[in-house]
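2 protein chains.
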Amino acid sequence: MTSPTFITKLVVDSWHIALHRLNQHLDSLTNDQLMLRIAPGRNRGVYLLGHLTTVHDKMLPLLFLGDVLYPELNDLFLTHADNPETLFPAVSDLRGYWHAVNSALGKKFVTMTTEEWLHRHSAISEEDFAKEPHRNRLSVLLNRTNHMSNHYGQLLFLKKGALE
Amino acid sequence: MTSPTFITKLVVDSWHIALHRLNQHLDSLTNDQLMLRIAPGRNRGVYLLGHLTTVHDKMLPLLFLGDVLYPELNDLFLTHADNPETLFPAVSDLRGYWHAVNSALGKKFVTMTTEEWLHRHSAISEEDFAKEPHRNRLSVLLNRTNHMSNHYGQLLFLKKGALE
Chain A
1 MTSPTFITKL VVDSWHIALH RLNQHLDSLT NDQLMLRIAP GRNRGVYLLG HLTTVHDKML
61 PLLFLGDVLY PELNDLFLTH ADNPETLFPA VSDLRGYWHA VNSALGKKFV TMTTEEWLHR
121 HSAISEEDFA KEPHRNRLSV LLNRTNHMSN HYGQLLFLKK GALE
Chain B
1 MTSPTFITKL VVDSWHIALH RLNQHLDSLT NDQLMLRIAP GRNRGVYLLG HLTTVHDKML
61 PLLFLGDVLY PELNDLFLTH ADNPETLFPA VSDLRGYWHA VNSALGKKFV TMTTEEWLHR
121 HSAISEEDFA KEPHRNRLSV LLNRTNHMSN HYGQLLFLKK GALE
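These protein sequence lines map, in sequence, to chains A and B.
Mapping of the first sequence onto the working numbering: position 88 corresponds to residue 88, and the numbering continues sequentially without gaps.
Mapping of the second sequence onto the working numbering: position 96 corresponds to residue 96, and the numbering continues sequentially without gaps.
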C-alpha cells in the first residue's frame, strides 16, 4: 500500500472530494443567489463561479491535456476583477461551462499514470524542471485543490446561516 | 522520481505552503482586526483562529503523534459556534497556541516515513482500515490542508480591498 499509484490516487481523490463538496453547495444556490456579493464590497458569486471555471479550464493546457474550452472567460474572470458593469455570461450558461471543464479534466485524470502526474507542467521549461522536479502536474493539482477550497469557503457566505 | 517518498513530500509540502500563506496573512492583521466579523453575521477572525488551532491540535492524537496541547479550545472553537458573549483567550495568546501546535506537527512531519503516513489514523479501527486503506494519515493531511484553505479564503475578507 505504499505504491506510488496508491498515493497519487489519494491526491486525485482529494481533488474530487473538494469538487464534489463545492458542486453540492453550488447546486443548493439559485442563479439569483449567485448574482449576490459574497460580502459587502466583495466578489459576486457569479464572478467566483466564472473565476473557478477559467482557472480549471486553463489546467487543460497546463497539464498538457488539451486546449482551453472557453478562452473568452480568462479576460472576464481572471485578468479583470469583478465589475457589475461588465456583461457576464448567464449563470445557467456558466454552470454548464463549469461542469464541462471539470468533466473534461476528470476524464483525463482517470487515464493518467503516476509517471505522467510527475511530468513537468507546461509553464516550466525542460531545463528548469530538471532542477526543480517538484514543479510537476501533481503539484498543480494540489495547488488548484487548495484554490478551489479557498473560494468554496467564501461561497459558503451566500448561504443564509452557514457560519463556516 | 516516482518514488513514494517523493510523492508524499509533495503532499506535505502542500500543507506547508498553505500554512505559510495563511501565516503571512495572519501576520498582516492586527489583533483588533481579528476581533472583527469576517462579514456581517459571520464568524469573527478570532473564532476562526481558535477553530483552526483546535482542529490542528487534534491532528496530534488523530495522527498518533501525541496528546492535544490545548484541550480547552475544543469546547470554545469546535463544539460551539462563535458567540461574542463567550470569553475567549486573548488574540495574542491564541497566536502563540497556533504557532505552537503547527510547530509540534511540523517537527513530527519531518520524521515521518511514507509507510507511517499511510498508516491508519486513530479515528478508524484496525478492522475497518483493512477494508478502507485510503482512510490513512496522509488523507487526513490532505483534508486538513483543504480545511485550512477554506478558512484562509474567508479570513482574506478581513483585509481591506482584498477581493480574492
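It is worth saying that the hints were derived from the structure and are not from the lab.
Don't take every hint at face value.
One copy or any two copies: either way a pair holds, since identical chains are not told apart in the list.
Mimicking SDA-like on lysine to any residue, the simulated pairs with C-alpha atoms at most 20 Å apart in a straight line are [to be verified]:
hint : residue 1 : residue 2
1    : LYS107    : VAL12
2    : LYS107    : LEU29
3    : LYS9      : GLU132
4    : LYS9      : GLU116
5    : LYS107    : ARG42
6    : LYS131    : PRO71
7    : LYS58     : VAL110
8    : LYS131    : LEU10
9    : LYS159    : LEU10
10   : LYS107    : GLN33
11   : LYS9      : ASN143
12   : LYS9      : SER28
13   : LYS9      : LEU78
14   : LYS9      : LYS131
15   : LYS9      : VAL140
16   : LYS159    : THR5
17   : LYS9      : HIS134
Structure-based check of each hint:
1. LYS107 <-> VAL12: Close inside one copy (12 Å), not across copies (26 Å); limit 20 Å.
2. LYS107 <-> LEU29: So LYS107 and LEU29 fail the 20 Å test inside a copy (26 Å) and across (42 Å) alike.
3. LYS9 <-> GLU132: between (23 Å within a copy, 14 Å between copies)
4. LYS9 <-> GLU116: both (13 Å within a copy, 17 Å between copies)
5. LYS107 <-> ARG42: neither (34 Å within a copy, 38 Å between copies)
6. LYS131 <-> PRO71: neither (32 Å within a copy, 44 Å between copies)
7. LYS58 <-> VAL110: The answer is within: 18 Å in one copy meets 20 Å, while 33 Å across copies does not.
8. LYS131 <-> LEU10: Cα proximity of LYS131 and LEU10: across copies only (16 Å, versus 26 Å in one copy).
9. LYS159 <-> LEU10: Neither. Shortest intra-copy (30 Å) and inter-copy (34 Å) distances fail the 20 Å Cα cut-off.
10. LYS107 <-> GLN33: neither (30 Å within a copy, 44 Å between copies)
11. LYS9 <-> ASN143: Intra 16 Å, inter 14 Å, cutoff 20 Å: intra and inter.
12. LYS9 <-> SER28: The answer is neither: 28 Å in one copy and 36 Å across copies each exceed 20 Å.
13. LYS9 <-> LEU78: So LYS9 and LEU78 fail the 20 Å test inside a copy (29 Å) and across (30 Å) alike.
14. LYS9 <-> LYS131: Close across copies (16 Å), not inside one copy (25 Å); limit 20 Å.
15. LYS9 <-> VAL140: both (15 Å within a copy, 14 Å between copies)
16. LYS159 <-> THR5: neither (38 Å within a copy, 41 Å between copies)
17. LYS9 <-> HIS134: So LYS9 and HIS134 pass the 20 Å test inside a copy (17 Å) and across (9 Å) alike.
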